[in-house]
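Asks: Chains H and W supply the protein sequences, listed in that same order. According to the working numbering, the first sequence is numbered sequentially starting from 14. According to the working numbering, the second sequence is numbered sequentially starting from 102.
Hints listed in this document are in silico derivations from the structure and should not be mistaken for laboratory results. All residues carry an ideal CB built from backbone N, CA and C; glycine is no exception. Careful, some of the hints might be misleading.
Rough simulated footprint, nothing fancy, chain H against chain W, three-plus residues with beta-carbon under 8 Å [as the list claims (entries may be wrong)]:
id: 1; region: 114-124
id: 2; region: 135-142
id: 3; region: 145-152
Computed list of chain H residues with no C-beta within reach of chain W, every gap over 12 Å [stated by the list, open to error]:
id: 4; residue: Leu96
id: 5; residue: Asp122
id: 6; residue: Leu131
id: 7; residue: Cys134
id: 8; residue: Pro163
id: 9; residue: Gly167
id: 10; residue: Ala283
id: 11; residue: Leu349
id: 12; residue: Gly449
id: 13; residue: Ile461
id: 14; residue: Gln475
id: 15; residue: Lys476
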Amino acid sequence: MSKNGEARRRKSAFAANEYEREPVPENKTKGLRSFVGLFASEHVAATELLIGPLFVAAGVSAFDLLVGLLVGNLLAVLSWTLLTAPIAVKRRMTLYYQLEKIGGAGLIDVYNVASGILWCCLGGAFIYVSATALFVPLNLPEPRLTDWGPNSVGMVGVVLAVGAVIVYVAAKGYDAVARFANIAAPWMVMMFMVFGLAALPELGVRSPSEFWHVADTVIWKGVAAEGATKFTFWHVVCFAWFGNMAWHLGMGDLSIFRYARKARYGLASAAGMYLGHYIAWITAGLLYAVQLQQDPANTSVVPGPMASRVAGVAGILLVILAGWTTANPVIYRAGLAFQAIRPRWSRVRVTFAAGVVACVVAVFPGLCNRFLSVAMLYGLVLMPMGAVIFVDHYLMKRLGMQEFYAEKTGKRFYWPPLIAWLMSLLFCVGLKYLVGVQEFFLCLPGWIFSGVIYLVACKMAQKPGAGEEMGK
Amino acid sequence: MRAVAICLSALGLIVLLALPAMQVGGLASAEFARWGIRIGTVLWFATAPLWMRSR
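Build the full structure now, drawing on both the sequences and the hints.
Replies: Laid out in structure tokens, this is it:
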């Protein structure tokens, strides 16, 4: 999942730090192939090694998984193509610049704090995945699926040691790692396919005709592990659709698609969805099935030992690289988000501080054992701002109101976006805890609610004629 | 030189994928497939930096 190809992105033509406060010029736009390559590489990452096994642990059936992922990923691709890319191509601005124009610089500070905290949690998950590769040579006990805390001093030591290296590199500059990530990306994509091919014979598949029977009776048996939420077809559809919600409906990928010549380049996201969120999730699930077949009592979701069982040293290498090359840029981004609030703070020190938080998070395997919920939470927290951008772009003028109101009135803080954000989150919390709606189904109602609240709040806040003078 | 490096990289990925695929078809043993993964990995990382850096 995840948007963890920041390293690749940072070194690519899609530099996030260019044209930060101006539209991307037409002559700097990119062709379709650039977007296909970018999405294909950045959506095959460390977290796929958690998500695939967690689907198996959630007791999803073979049909629900294979068809649900097809449908959910299609909906994600359509969200990028029909909602994110058209706004990006029309405005050619980053998410941050558009939010600043809508809600003022104060809103960006709040957004940076929220995204910085989430980057730290995501960075912690990547550090944990990378560290699990060392569980095999060091013969450390694997945390159980129900564990929240560390199960040995050795585990804490390994996670902190791996985290320290990753954080040091992130703080001091990780250009060499980013270059290496570029080189490793095609190999990593192939290795996920290798996982599947190497796992199938272990599970008893010797020909394509045997696959469905084994899938249904051995791999995705439809029985949830102890402590896991039972997944249905609709859970799978919603997870695949909203797993990257912060980037499509949440508009995070405005920063990428502002470089697109045409809005239909949003279809390039299919490369990432079907390689990373279809093939990689399925093959990672096969690794877990092999583990369960060898020892049905071992329900631990620990990527290092799982990969090692099927692909040996190369599997361990993949887990280290997938975790490391994605943790570095994520921690770097967390540092940047916090530093943006107070530009005088040292970027290196802030990155170290963010890294320390990520390391502490990584020590707790509970975060990764519940990664399906964590991924949903990530989308939930940031998606209301996507609805605000969508409404501001398409509806404000039509309803006789001003778009980019903070910019036009010179406000540092325009309150309707923040009210929409907070009320949307409260609405989702209420749905979960008062009505009992699971987190996997909250994203779309929350997004729509945020847009409606923003419209109503703008109607109350905007003064007729305000901003028109300045706008002229 | 660049062309040779690209060919060897491609060969690495083919070996990486082909030998495990042969295992599925019953044409190779698990140990043979593991060797394919190792050789393919070494070939890729030994040759890809030679041409990917100069892109």
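Asks: If a hint holds in the structure, say so; if it doesn't, say that too.
Replies: The hints, checked one at a time:
Restraint check on the region 114-124 of chain W versus chain H: 6 residues with Cβ-Cβ distances below 8 Å, three needed, restraint holds. Counting residues of the region 135-142 of chain W whose beta-carbon sits less than 8 Å from any beta-carbon of chain H gives 5, enough to reach three: the coverage restraint holds. Residues of the region 145-152 of chain W with a Cβ under 8 Å from some Cβ of chain H number 4, which satisfies the need for three, so the listed coverage holds. At the 12 Å boundary, the C-beta of Leu96 (chain H) stays outside the reach of chain W, the nearest C-beta of that chain being 33 Å off.
Consistency note on Asp122 (chain H): stated as away from chain W, and its beta-carbon is indeed over 12 Å from all of that chain's, at 39 Å minimum. Look at Leu131 (chain H): its CB is around 32 Å from the nearest CB on chain W, clear of 12 Å, so calling it non-interface holds up. No Cβ of chain W approaches the Cβ of Cys134 (chain H) within 12 Å, the least distance being about 31 Å, so the stated non-interface status holds. The claim that Pro163 (chain H) is not at the interface with chain W holds, since no C-beta of that chain comes within 12 Å of its own (minimum 31 Å).
Gly167 (chain H), annotated as away from the interface, keeps every beta carbon of chain W farther than 12 Å; the closest lies near 27 Å. Consistency note on Ala283 (chain H): stated as away from chain W, and its beta-carbon is indeed over 12 Å from all of that chain's, at 21 Å minimum. Distance check for Leu349 (chain H) against chain W: the nearest CB is about 26 Å away, which clears 12 Å, and the non-interface claim stands. A cut-off of 12 Å between C-beta atoms confirms that Gly449 (chain H) is not in contact with chain W; the least separation is 44 Å.
Every beta carbon of chain W lies more than 12 Å from that of Ile461 (chain H), the smallest distance being close to 43 Å; the non-interface claim holds. Every CB of chain W lies more than 12 Å from the CB of Gln475 (chain H), the least distance being 50 Å, so the non-interface label holds. Once the 12 Å rule is applied to beta carbons, Lys476 (chain H) is consistent with being away from chain W; the minimum gap is 54 Å.
Violated hints: none; the structure is consistent with every hint.
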